[in-house]
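Listed here are the chains, written in short residue letters.
Protein chains: 2
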Amino acid sequence: MTRVLSRSDIDNLAQRYRANLINSLSGFKPAVLLGTTDGTTHNLAVISSVVHIGANPPLLGMIMRPHTVQRDSLGNIKKQGFYTLNHVHTSWVDKAHQTSARYEVDESEFDAVGLTVQMSEHFPAPYVKESSIKMGLKVAQHFTLLNDTEMVIGEIHELHIPNDIIAEDGYADIEGAGSACISGLDSYHSTSRLAQYTYAKPNVELKQK
Amino acid sequence: MTRVLSRSDIDNLAQRYRANLINSLSGFKPAVLLGTTDGTTHNLAVISSVVHIGANPPLLGMIMRPHTVQRDSLGNIKKQGFYTLNHVHTSWVDKAHQTSARYEVDESEFDAVGLTVQMSEHFPAPYVKESSIKMGLKVAQHFTLLNDTEMVIGEIHELHIPNDIIAEDGYADIEGAGSACISGLDSYHSTSRLAQYTYAKPNVELKQK
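Sequence lines, in order, name chains U and F.
Using my numbering, the letters of the first sequence correspond one by one to residues 90 to 298.
Using my numbering, the letters of the second sequence correspond one by one to residues 90 to 298.
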């Protein structure tokens, strides 16, 4: 049975129920760890709001909530201007989720959940050693949206990626690399490829790659 | 072997290779069909840039490229102010991908790929009948980003969802509903749940739901 909810039906839901429901509707989301530093403490936060903005220049966006557990990460980004994005592997989604606990400001989520800081010679924010795909970004645009969430757009300055997952055409097999995805606020998933298609043209039968 | 690319390494990649690579890095993305209308022709476009903005009010964002095949959908949204987002089911990802072909302005992608228009009494943009989860949205904020892509944020005004996938706490089991996800520009995936966790607390062992 399909349920049809109007806007006022949605507004009348209990707060927690509505949060869980609406957070499920955007579809599957990337499971990513955001690495930042205040110079002393290295911060790590699981996020699911990363979105592709452009390839040239290479830009990724993310939506941050300034009045939540993400406050410290956002503060570090504002102060330093650099951050890392690290793919969560399907074998340690529990550690990724545990970073969402409200640790003290001077406590590093790296230590608390058992993930390893990896510093790069050419980039000032901490990477997650256990992540197979990781990126160092510099803030390129930062602004507040209509509901007081903040959008941070970063330029990729450094990319670490396993050579053997990159196809001839540049596609990176993130499923092969073990990247996880998220639904709702707390459900973690692995994936299975259904098909990969060539460029679609009108009135021409679709071909698999 | 891990490959480390600097920003200039990325800038020096061939255009198509770079597009495929960078589009893979944001992680898994939702497979969603964007439904719009100019009053005569109903338009359908597969998008993978939907992002959760907030639950109260219920807001979803998406990134649009004005100089691509998305031009007609964006034009319809600007003119009418309404659009639908419809989850792509794992059993017809080929039809979803085929909507990315460059059809004529007066040609409906619904007809061209074999998906069915569903109109609602209370909402003016076309839904995809075959989608189990579908939302009607009204534009709430619309602006241009640093690389001339456009971000459209919409308020959910109507939601169609199978009753039996909604958990007691409001979480919607989109895997159970058969929703697909995307990696890169052209790879479609189904998912398998690894775990769903309760709220994380410092120094307390994580529990599965």
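If you are wondering where the hints come from, they were derived from the structure by calculation, not from laboratory data.
Some hints here could point you the wrong way.
If chains are identical, the list can't say which one is meant, so a pair holds when it fits in one copy or spans any two.
What the hints assert, rightly or not - Here are the simulated lysine-lysine pairs, DSSO-like style, with alpha carbons at most 27 Å apart:
no.: 1; residue 1: K227; residue 2: K167
no.: 2; residue 1: K296; residue 2: K218
no.: 3; residue 1: K227; residue 2: K290
no.: 4; residue 1: K296; residue 2: K167
no.: 5; residue 1: K290; residue 2: K167
no.: 6; residue 1: K218; residue 2: K167
no.: 7; residue 1: K227; residue 2: K168
no.: 8; residue 1: K227; residue 2: K298
no.: 9; residue 1: K218; residue 2: K290
no.: 10; residue 1: K218; residue 2: K168
Verification of the hints:
no., hint, verdict
1, K227 / K167, "within (11 Å within a copy, 32 Å between copies)"
2, K296 / K218, "between (38 Å within a copy, 25 Å between copies)"
3, K227 / K290, "neither (37 Å within a copy, 30 Å between copies)"
4, K296 / K167, "neither (46 Å within a copy, 33 Å between copies)"
5, K290 / K167, "between (44 Å within a copy, 26 Å between copies)"
6, K218 / K167, "within (24 Å within a copy, 44 Å between copies)"
7, K227 / K168, "within (12 Å within a copy, 36 Å between copies)"
8, K227 / K298, "neither (34 Å within a copy, 37 Å between copies)"
9, K218 / K290, "between (42 Å within a copy, 24 Å between copies)"
10, K218 / K168, "within (24 Å within a copy, 48 Å between copies)"
Hint compliance for this structure: hints 3, 4 and 8 are broken, all remaining hints hold.
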